[in-house]
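S.K.: The listed protein sequences derive, respectively, from chains G and A.
Be aware that the first sequence starts at 1, since it is given in UniProt numbering, and climbs by one per residue.
Be aware that the second sequence starts at 1, since it is given in UniProt numbering, and climbs by one per residue.
Hints listed in this document are in silico derivations from the structure and should not be mistaken for laboratory results.
Mixed in with the good hints there might be a few duds.
Said to hold, decoys possible - Pairwise CB distance ranges (calculated):
no. : chain 1 : residue 1 : chain 2 : residue 2 : range
1   : G       : 632       : A       : 74        : 43 to 49 Å
2   : G       : 198       : A       : 65        : 49 to 55 Å
3   : A       : 588       : G       : 16        : 50 to 56 Å
Said to hold, decoys possible - Cross-link-like lysine to aspartate or glutamate pairs, in silico, EDC-like; alpha carbons within 16 Å at most:
no. : chain 1 : residue 1 : chain 2 : residue 2
4   : G       : 317       : A       : 649
5   : A       : 182       : A       : 651
6   : G       : 207       : A       : 649
7   : A       : 317       : G       : 646
8   : G       : 659       : G       : 649
9   : A       : 609       : A       : 138
10  : G       : 166       : A       : 318
11  : G       : 634       : A       : 318
12  : A       : 182       : A       : 661
Treat the numbers as computed from the prediction; the structure is a model and nothing was measured.
We treat Cβ as the ideally placed atom computed from N, Cα and C, and that holds for glycine.
For reference, the chains in residue letters:
There are 2 protein chains.
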Amino acid sequence: MILPALLTSAAFNIVICVGLMSLYSILRKQPYNLKVYFGQRLAQLQPGQKNHYFFDRMIPSAGWLVKAWEATDEDIYACGGVDGLVFIRLIVFCIRMFTVASVLCLFIVLPVNLLGRGIEVIDPETQMDIFTIRNVQEGSRGLWAHFFALYVISICAYALLYIEFKNVARMRLEQVIRFPTKPSHFTVLVRGIPWSTEESYSEAVRKHFSSYYDSSYLAHQMVYRSGTVQKLMMETEKMYKVLTETSINQYVQPITVGIGVPTNPFKMGTSESESASKKDKHEAKSHKKEQEECPAAFVFFRTRYTAMVASRIIQSKDPMLWVIDFAPEPHDVYWPNLCVPYRLLWIRKTLVYIGSILFSLWFLLPTTLVQGLINIGSLERTFPILRGISTWTSTHVTSDAGGSLEQWLNMEVCKHYFRLSTKSGADVFCFTCAACNADVCYTRRIGTWWDRMGKLTVTGMKDMATLLGNLIPGQAPFFMTYIMTSGWASLAYELMQPFVLIVNWIYQFVLMRKEGYGDLYTFPYHIEVPRALLFNLLGFTFCILAPLILPFLLVYYFFAYFVYRNQILNVYITRYNTNGSYWPVAHNAAIFALIVMQSVASIIFSMKKFTTASTMAFILIIFTSLFNLYCRHKFLPLFTNKAVQDLIEMDRHDEHAGKVEEILSRLLSSYNYKVGSYSGNHPTDLLAAEYKKV
Amino acid sequence: MILPALLTSAAFNIVICVGLMSLYSILRKQPYNLKVYFGQRLAQLQPGQKNHYFFDRMIPSAGWLVKAWEATDEDIYACGGVDGLVFIRLIVFCIRMFTVASVLCLFIVLPVNLLGRGIEVIDPETQMDIFTIRNVQEGSRGLWAHFFALYVISICAYALLYIEFKNVARMRLEQVIRFPTKPSHFTVLVRGIPWSTEESYSEAVRKHFSSYYDSSYLAHQMVYRSGTVQKLMMETEKMYKVLTETSINQYVQPITVGIGVPTNPFKMGTSESESASKKDKHEAKSHKKEQEECPAAFVFFRTRYTAMVASRIIQSKDPMLWVIDFAPEPHDVYWPNLCVPYRLLWIRKTLVYIGSILFSLWFLLPTTLVQGLINIGSLERTFPILRGISTWTSTHVTSDAGGSLEQWLNMEVCKHYFRLSTKSGADVFCFTCAACNADVCYTRRIGTWWDRMGKLTVTGMKDMATLLGNLIPGQAPFFMTYIMTSGWASLAYELMQPFVLIVNWIYQFVLMRKEGYGDLYTFPYHIEVPRALLFNLLGFTFCILAPLILPFLLVYYFFAYFVYRNQILNVYITRYNTNGSYWPVAHNAAIFALIVMQSVASIIFSMKKFTTASTMAFILIIFTSLFNLYCRHKFLPLFTNKAVQDLIEMDRHDEHAGKVEEILSRLLSSYNYKVGSYSGNHPTDLLAAEYKKV
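The shape of chain G in the complex, shown without the other chains (with noise of 0.2 Å):
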């Protein structure tokens, strides 16, 4: 790699990025481009009041930067939910980290490396290594320069990190009390209710609940099974019903089998009332012998305390059997998976983790062979004429072609999921095969190395290490188009929706629908968390070994801040929210870095013949490891939890206000299938509506 050229990608870049970036301040001035620019914003507004909002607002809005700058936590936290303030929380804190590290690494490495001698002949080929730390004569005393640069950098990060995951927990935990009527907080899953030939599974709940936990069950609801066939029959009895002159309305309200609320709108089973409500029970129970039940409930309890006892221990001496789980919220919970047996649940999990995995491997096989294919090294022996343009064109074409496979597979696989397992798991799962997918990326490159490596004669560990340690600050260079490439381009790609803007073209001019087109996307985090975690991790290798990258890098995190704080404000809605638990993830990627930056640097220490630094880089992976283990015992408890100190309180406050009754009537009838049903058409921006009503 030739440095006029790097630096012409990297202004040939910069001039698109900001063109497009202009082009965009200018579309999203156009009424016409309101469901593309602005779903967010619609979906919060009335529609009466949407035209005179608009373009009041709208005319004036050059500043779109100024706009996403001086937005306040609240008002991402209104939009993106805690969610989305994660993640901007995950920008700031690679900001802060790589600023820290260029301030560093450009003014005390890299003088450094420009002044050694390590590198003799500068030939074209090699004429990058000068900026990096080959360029350093062994046993060189300016190795202390990176010596202290590693140490100030794994200081900070320790730091940050410290501080963001417990920014991170302290708003998982302000999330329970800031909704403290949640139905969620009361409720929970049971699974795997055991069948028996003498009493219905309905049964079996109430008896089981109603016996250990006497005092403070409520009610409960059974999940019915719905397959097509099932709903066809609805249908069908439902305009039987309305034949017959029957309520439909009793028919829509979900069968809830209770002990009794006085306030209770729809009582069945209560104890007072118990010959009263006979009639009823049978016509209920002639009900549920038609749809089919699952042996899953929803149960519902008086006390948030008991609910979260409820979910934390063991119920029966086998423990597949009464499984209790937090309730998901109304809106998150997939219906037709919760009639999915508990003892197949696991066998899901099993085969979409292996699934995951045979797909990152099946991911890696066609970008190894366009890798291989369009290699610059060998592109230019070919055709030597070929120089000046491959540069940057063949990378640029790759990643290009890599990025959106990437990212139409994660897409992919999203949808399987939600289709395989329930949603509330889904977030877990997504993160993980998209972080192994940026972990691919990585490998990638690694991948090449590895043919490399597997031609030569590896006659020990001792000379594998030090292959990677030349190996790896040479790779610099092409990393740097990368980031230009993959990352400066994803922004402006995100900015500017291009897909979706030239299909709402021509919806509006060629098939004349005044409509438009525009659908509500929900924020992709399977792909921008990771992508972030990666630049993280590109980052955290390179900083010492050729710190010419942080630039690059920088200029990244302070767009991505920019666009993605704009995206989640006026974009993307939010239809269902992990309360931030794909932090753990984050946090453990960037242990992985800080493990990949310090062994590195140990390995090359050792090949300079400055051992004394190797040997301490060595004990800070041991500090990184033990930091790692403090935060996970200190901070992970928190993301599977909820503090019983809280919900008594809640649940005090609550009966001091008199509140109760009126929370526990609304919690009965929250649980609907027909509004939670997550196959909607129309989604609502729930979060929002929540919000509004707090």
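Mind docking chain A on chain G? Use the hints.
M.R.: Quick look at chain A alone, frame taken from chain G:
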């Protein structure tokens, strides 16, 4: 390895073992060896009974094998607790498993191996190979026999493992019901009590639990620091109290601060008699000031259910504060460790973990060295004259030296560990560490392969696999010798207890001390379980490749069955009961062995150009992993939890029987530093005592 040499070695070992066993049956009848061979029986007897009882029973007892055979599970349980029972189940599992494997492999696989013509020239060095799979030709149809055996053995293993896991889980659950009045059911151990300048730890505990567990919080007992200085101070204080005529009794009793049980023998701060006990309170307070409080306490509840709930949920927003665990049994408490702050515990655990790895590596060093020196092959080449006897002596010596070293080091680590962490965690570690050692034993041999492979030029993974597949069957004779020298010999050693025997003789006949020598030992699970598992691994790895190893293994397990039953019944006492919590380790080791067997089979099938079977064996690996996942889902939660149903039933039963107050009053005095102290010089068989009580 030459066949006659192996047979000589086997005959020699059998003669030694049978001789030692006959000697044992004579020695055990001698009254002066009582303390050596009947420690467990002596501990269960009252001092007065001793002479009559034992002479009556001992004179005709030539058939100790019969007695060991006739003992019921109930007897084993009475002497060795659940741990002893589970260990016997492990041996039984191995016997069943390898009986099936022997029938299949000796009658189907071995003839195929013998009739194959894969090895043309039979030279003495590879004479044994005609019994292995190496003698089967490439593409031979005889390999279907191996394939069939592989599948049948795998399926048998699944069934047996499932049954045993279920049995052990059931036994653990039954323990809870069997000892309904155990104080640990009602008690939790609280650590990480937050520090405040305004109130003492004790007050903080009282405030927290009476606020959040109002209805069922009974009392609590602080833990006090007890260093050497503290002990001296306590002694002085005690003397002073005696001199000033204060009752010592008041001192020895722990200071229990509660909110009142009618029959509480030492009411302190009961809500009813608050004014009356003010003086008491003041006294207790000044007393507490003198001793230094630790941020740890035992908290007692009125119901088992609440105790379990409290120990399963997170109390506060900081998971490092108010950390609640199941309380250990009173006699299992290692008091000095309770004062270790919770925030340091994870560091200690990590250090122990790192230490165990380093220790294993360090242990690898001398054994590899000795093995390298006394390698049969190199010896034979250097001194051809030694050929005849080197076959068994060298391995004998090495293995015994290694074994003794292993035992000694194991003991060392355990001792250290008891000082490092709470006793309740000890078992987990001992087994991790010891299982690690088992692996080390195995890698001892792999280590020499590694050297051999290191010298070869490795060009790819495939060659490595081929190399491994070629080497493994050839190692069978070594491991046959290993089973004889390390396995059979260790059983004879275990039975004879030569060290204690000789010391006892010296005490009685040289030093003329009538009482003799002989301490009460606990069963060395940390040595015996990994040994059984190691042989299990050997059996699975070689059963299809070299079936001749199976008879040696079966002999070992049959002897082990009798010897260990005898030892559990007669020699060892139970000082600490893990309730079989080491079973998951054993299960994992068995799964690992299965996977090793299937991988090696898959490699060797593909080497023999039998691709169908190779693929099918690979599929079996996936099945094994899935089976393991299933077992973990199904049974593992029972090893860390108690079932709510059981606890609530027990609570209700007590309430109906009116035994609650009696149990609670006994509870408060149970966690007594004096009684519970583990450092006592004369440990009594507490389990046996408890058993009698029930």
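S.K.: Compare the structure with each hint and give your call.
M.R.: Comparing the hints with the structure gives:
no., hint, in the structure
1, G:632 <-> A:74: 43 to 49 Å, "44 Å, holds"
2, G:198 <-> A:65: 49 to 55 Å, "51 Å, holds"
3, A:588 <-> G:16: 50 to 56 Å, "55 Å, holds"
4, G:317 <-> A:649, "13 Å, holds"
5, A:182 <-> A:651, "13 Å, holds"
6, G:207 <-> A:649, "14 Å, holds"
7, A:317 <-> G:646, "8 Å, holds"
8, G:659 <-> G:649, "14 Å, holds"
9, A:609 <-> A:138, "6 Å, holds"
10, G:166 <-> A:318, "10 Å, holds"
11, G:634 <-> A:318, "7 Å, holds"
12, A:182 <-> A:661, "14 Å, holds"
The structure shown violates none of the earlier numbered hints.
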